[in-house]
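Asker: Going down the list, the protein sequences come from chains A and B. Quick note on the UniProt record's numbering: the first sequence kicks off at 1 and runs consecutively. Quick note on the UniProt record's numbering: the second sequence kicks off at 1 and runs consecutively.
Hint data in this document are derived by calculation from the structure and do not stem from the laboratory. Note that beta-carbon positions come from the ideal geometry of N, C-alpha and C, so glycine has one too.
To be clear about the criterion: a stretch of chain B counts as covered by chain A if any three or more of its residues have a C-beta under 8 Å from a C-beta of chain A, and this derived list gives those stretches: (1) 150-157; (2) 180-187; (3) 201-213; (4) 219-227.
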Amino acid sequence: MAVLKMKFTQQRRVRLAQGLWLLSWLAVTCGAFIFSLGVYIKIELLRRDEVMENKEIHCVPNLLMMVGLASIGANWVASRVCQDSLDASRFPRWKVLLLLWFAVAALLCCLLLTVVILSYALQGRLEESLKVGLRNGIRFYKDTDVPGRCFQKETIDRLQMEFRCCGNNNFKDWFEVQWVSNRYLDFTSQEVKDRIRSNVDGRYLLDGVPFSCCNPASPRPCLQRHLTDSRAHYNYEYQSEELNLYSRGCRQALTDYYMSLMNSTGPGVLSVILIQISVLLSMRYLQTAVEGAMALESPEGESEGYILEKGVKETYADMKAKAVELLKFAQVDPASDGEGGEEGEKEADATEKAATPTPAS
Amino acid sequence: MALMVVKFDLKKRVKLAQTVWFMYWFAVLAGILVLSLGLFFKIELRKRSELMDNNESHFLPNLLITMGLIACGINAFGGKVCYDSLDPLKFAKWKPVLKSFLVFCLGFNALLVVTSLLCFVMRIPLQFTLAEGLKNGMKYYKDTDTPGRCYMKRTLDLMQMEFRCCGNDNYRDWFEIQWVSNRYLDFSSKEVKDRIGSNVDGQYLMDGVPFSCCNPSSPRPCIQYQMTNNSAHYSYDHYTEELNVWRRGCRDALLSYYGGIMNTIGALVFLVTVLEVAVTVGLQYVDTSLSTLSNPEDIESESEGFLLEKTVKETFTDIMAKMKSMGKGAKVEEGGEEGVATVS
Numbered sequence: 001m002a003v004l005k006m007k008f009t010q011q012r013r014v015r016l017a018q019g020l021w022l023l024s025w026l027a028v029t030c031g032a033f034i035f036s037l038g039v040y041i042k043i044e045l046l047r048r049d050e051v052m053e054n055k056e057i058h059c060v061p062n063l064l065m066m067v068g069l070a071s072i073g074a075n076w077v078a079s080r081v082c083q084d085s086l087d088a089s090r091f092p093r094w095k096v097l098l099l100l101w102f103a104v105a106a107l108l109c110c111l112l113l114t115v116v117i118l119s120y121a122l123q124g125r126l127e128e129s130l131k132v133g134l135r136n137g138i139r140f141y142k143d144t145d146v147p148g149r150c151f152q153k154e155t156i157d158r159l160q161m162e163f164r165c166c167g168n169n170n171f172k173d174w175f176e177v178q179w180v181s182n183r184y185l186d187f188t189s190q191e192v193k194d195r196i197r198s199n200v201d202g203r204y205l206l207d208g209v210p211f212s213c214c215n216p217a218s219p220r221p222c223l224q225r226h227l228t229d230s231r232a233h234y235n236y237e238y239q240s241e242e243l244n245l246y247s248r249g250c251r252q253a254l255t256d257y258y259m260s261l262m263n264s265t266g267p268g269v270l271s272v273i274l275i276q277i278s279v280l281l282s283m284r285y286l287q288t289a290v291e292g293a294m295a296l297e298s299p300e301g302e303s304e305g306y307i308l309e310k311g312v313k314e315t316y317a318d319m320k321a322k323a324v325e326l327l328k329f330a331q332v333d334p335a336s337d338g339e340g341g342e343e344g345e346k347e348a349d350a351t352e353k354a355a356t357p358t359p360a361s
Numbered sequence: 001m002a003l004m005v006v007k008f009d010l011k012k013r014v015k016l017a018q019t020v021w022f023m024y025w026f027a028v029l030a031g032i033l034v035l036s037l038g039l040f041f042k043i044e045l046r047k048r049s050e051l052m053d054n055n056e057s058h059f060l061p062n063l064l065i066t067m068g069l070i071a072c073g074i075n076a077f078g079g080k081v082c083y084d085s086l087d088p089l090k091f092a093k094w095k096p097v098l099k100s101f102l103v104f105c106l107g108f109n110a111l112l113v114v115t116s117l118l119c120f121v122m123r124i125p126l127q128f129t130l131a132e133g134l135k136n137g138m139k140y141y142k143d144t145d146t147p148g149r150c151y152m153k154r155t156l157d158l159m160q161m162e163f164r165c166c167g168n169d170n171y172r173d174w175f176e177i178q179w180v181s182n183r184y185l186d187f188s189s190k191e192v193k194d195r196i197g198s199n200v201d202g203q204y205l206m207d208g209v210p211f212s213c214c215n216p217s218s219p220r221p222c223i224q225y226q227m228t229n230n231s232a233h234y235s236y237d238h239y240t241e242e243l244n245v246w247r248r249g250c251r252d253a254l255l256s257y258y259g260g261i262m263n264t265i266g267a268l269v270f271l272v273t274v275l276e277v278a279v280t281v282g283l284q285y286v287d288t289s290l291s292t293l294s295n296p297e298d299i300e301s302e303s304e305g306f307l308l309e310k311t312v313k314e315t316f317t318d319i320m321a322k323m324k325s326m327g328k329g330a331k332v333e334e335g336g337e338e339g340v341a342t343v344s
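Please build the complete structure, drawing on both the sequences and the hints.
Answerer: Here it is, written out as structure tokens:
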């Protein structure tokens, strides 16, 4: 009992081939879209490479690019098959390739689905990577004279200004780190000596933040130093001041940005999966319908198209039997090199004898 | 003696019509391009209209939008005429309109050239508007509690950060105005009283700049206050310090930004003009080649296409004569009436 059988007249077959040809070109554009999406996400991730500690999240755009290219190739092949499908002399050469094509198309759909799942699942890893990367960035902010780290200050400043954030979790992260380089500290001054002695590591810590934390929307000029001291500034209350600095942490800001980027691509990827599945099903119908027509005496007559020749259970049992046979032949051949040659032949005869009654039944 | 005569047989006529039809579709796209350029420029001006005192002239973007729309219209019409030119029946209904349409196209092309020139010239009034607007903007920086001006601080800060500039000409412009609101000044403190007493207008002036002037590329944390006092900061010399704040003035920065936009738009409009002239010439050839068939009944016969029926001089004298005769006709009528009046 074939699965989802449909009758196809010659005209319907022609229509199916034409429709599938158009659909496969649409799928090619979708493949190009997926590829360019992968490229865009990769570029965005690379731009902030300096504040990310590991590159695990890069597997999402890499996978998208691979799948995009493979999908372009596979759907181009599908359009060629469509063009040849109505010509009985040229269609048979695609027979073997079609099996491979079905496997590739199914694999592409599965990969696209994994990409969507991965983009949600990797959020935790992305946050971890950003946490460590930003912590290092803030620690090395002052090292503008150390080769390899001299751009950290500029990177962190621009990041904070662009994403409107301050520090890792919030602005207090800057209080725990020395972010003023020693080159600009007057070690003879009493204030500097006091601050350095006030903590175990001998660091110059202050309750101040860099200028890039300042919020332009604040009604008063930015207060950067002595933030915890309400008396240091006129008409200033540390606990209730909200607009002076950016209140969001950069880790949160960056995670939100990347998550929204990947989530917004979700619907696009899902619709591409749907298009790919419909190309796959239509190709199967076309293949079976054209093969059925070629087997008929009059090639212009009706033929049947189906998804599976037998029911799902029977197809599964058939495939299992085929796989077992292949394994058996593989096992028999090495054994037949030695003494087991005769035995192997006998076994082969036995299987042949067993195989011959079945067509008659 | 016609100008630039070209002989045409049927195949050549068909090819000409197809080419001109194709070019007309490009010209429609070019018209859409001019329209979108005008819209883009208008939006850019609106975005920063606060910095120009809401005084900026929208004449140029409006002109670009109008020209873009007209270009789309006449190019679509021209394409339709070319498409119909291969069928003599359909072409016959367009024939009477064609001459005036071509004259209109000529006028439109001249206007396009003028627009392109304007794009390069309008830089100068924009310069003055920007200078005035920025000066006022800095004056209202501190007025974050005055309705209507409360967003000037944010606008200026964001602009200085985006365009990497400070002040009008340079950062010293901030030294000459009070940019700290009185609400945040402790008038009982000695320092504030000194500063206010030090100038005629009683303004709180200081040698400091807002945070948005800071340059992130500087190796040291930004020095915003007491900038001219070398002893206030360790290892600091304000004469040699270059990376601390942005050195460029915002007027220069904005002007070069808008100047760049206008130059690009001017160049693109000029290219569109060249395309328009080409399609007008093409349509003239299509029209003349179909009107000078050696055998009017046989469409396969040969014909001639030309740019102008007579030479340039003769065409010019013809036009002058026509205008004179129109003028004389009016005068004769007036003279006749007067004559009648005197006789009676």
